[in-house]
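Build the full structure now, drawing on both the sequences and the hints.
Note that the working numbering has the sequence shown beginning at 15, numbered continuously upward.
Simulated from the structure, these hints should not be mistaken for laboratory data. These figures come from a predicted structure and were not determined experimentally. Just so it is clear, CB atoms sit at the ideal spot from N, CA and C, and this is done for glycine as well. Any given hint might turn out to be false.
List of simulated lysine-lysine pairs, DSSO-like, C-alpha gap at most 30 Å [stated by the list, open to error]:
1. K104 / K136
2. K114 / K104
3. K114 / K136
Quick list of simulated restraints, FRET-style, between CB atoms [unchecked claim]:
4. I26 / S49: 34 to 44 Å
5. N39 / V129: 44 to 54 Å
6. E84 / V109: 48 to 58 Å
7. V37 / E105: 49 to 59 Å
8. S49 / D133: 36 to 46 Å
9. R75 / F44: 43 to 53 Å
10. K114 / R92: 14 to 24 Å
11. V109 / V46: 30 to 40 Å
12. R92 / A47: 14 to 24 Å
13. T116 / T31: 22 to 32 Å
14. S49 / T93: 30 to 40 Å
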Amino acid sequence: MLIKARSTRTDIGLDMTPIIDTVFNLLIFFLVAGSLQQIEREMKIALPVASSSGPISAALRELIVNVTAEGEIIVGGRTLAADDLRTMVKEAVAVNPQQKVTVRGDRSTAYSNVVRVLDICKGSGIQEPYLDTVLEP
15 MLIKARSTRT
25 DIGLDMTPII
35 DTVFNLLIFF
45 LVAGSLQQIE
55 REMKIALPVA
65 SSSGPISAAL
75 RELIVNVTAE
85 GEIIVGGRTL
95 AADDLRTMVK
105 EAVAVNPQQK
115 VTVRGDRSTA
125 YSNVVRVLDI
135 CKGSGIQEPY
145 LDTVLEP
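As structure tokens, then:
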């Protein structure tokens, strides 16, 4: 007769259901929070007018300088000459010595156009201009 030996070892089971529920709840939370943040940025609202305050100075925000394929310099939707960019950056640095500048050069423009803008930024007092790129898929 075959008798089974009594096992003294008890396996402890780990219930994965609460862990999976928690992960799904976190995933849903971050997806909803991210979409609400995007919706808030895209809202078209008319701000009230106040006599004692004005818009935030351009010097307190990050300056984004775009260089087109033709070598044109565009800041805030306006095409600028090199001297105008130099003046704008110097004024921004005078107000905020920690001014940040991002240079976005078109991938088909000559690198000399981007270097010209970087030189203007460095010569105007920007410590480290940031050269913006994208990752290729």
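Verification of the hints:
no., hint, result
1, K104 / K136, "10 Å, holds"
2, K114 / K104, "12 Å, holds"
3, K114 / K136, "11 Å, holds"
4, I26 / S49: 34 to 44 Å, "40 Å, holds"
5, N39 / V129: 44 to 54 Å, "50 Å, holds"
6, E84 / V109: 48 to 58 Å, "31 Å, violated"
7, V37 / E105: 49 to 59 Å, "50 Å, holds"
8, S49 / D133: 36 to 46 Å, "41 Å, holds"
9, R75 / F44: 43 to 53 Å, "27 Å, violated"
10, K114 / R92: 14 to 24 Å, "19 Å, holds"
11, V109 / V46: 30 to 40 Å, "38 Å, holds"
12, R92 / A47: 14 to 24 Å, "35 Å, violated"
13, T116 / T31: 22 to 32 Å, "47 Å, violated"
14, S49 / T93: 30 to 40 Å, "35 Å, holds"
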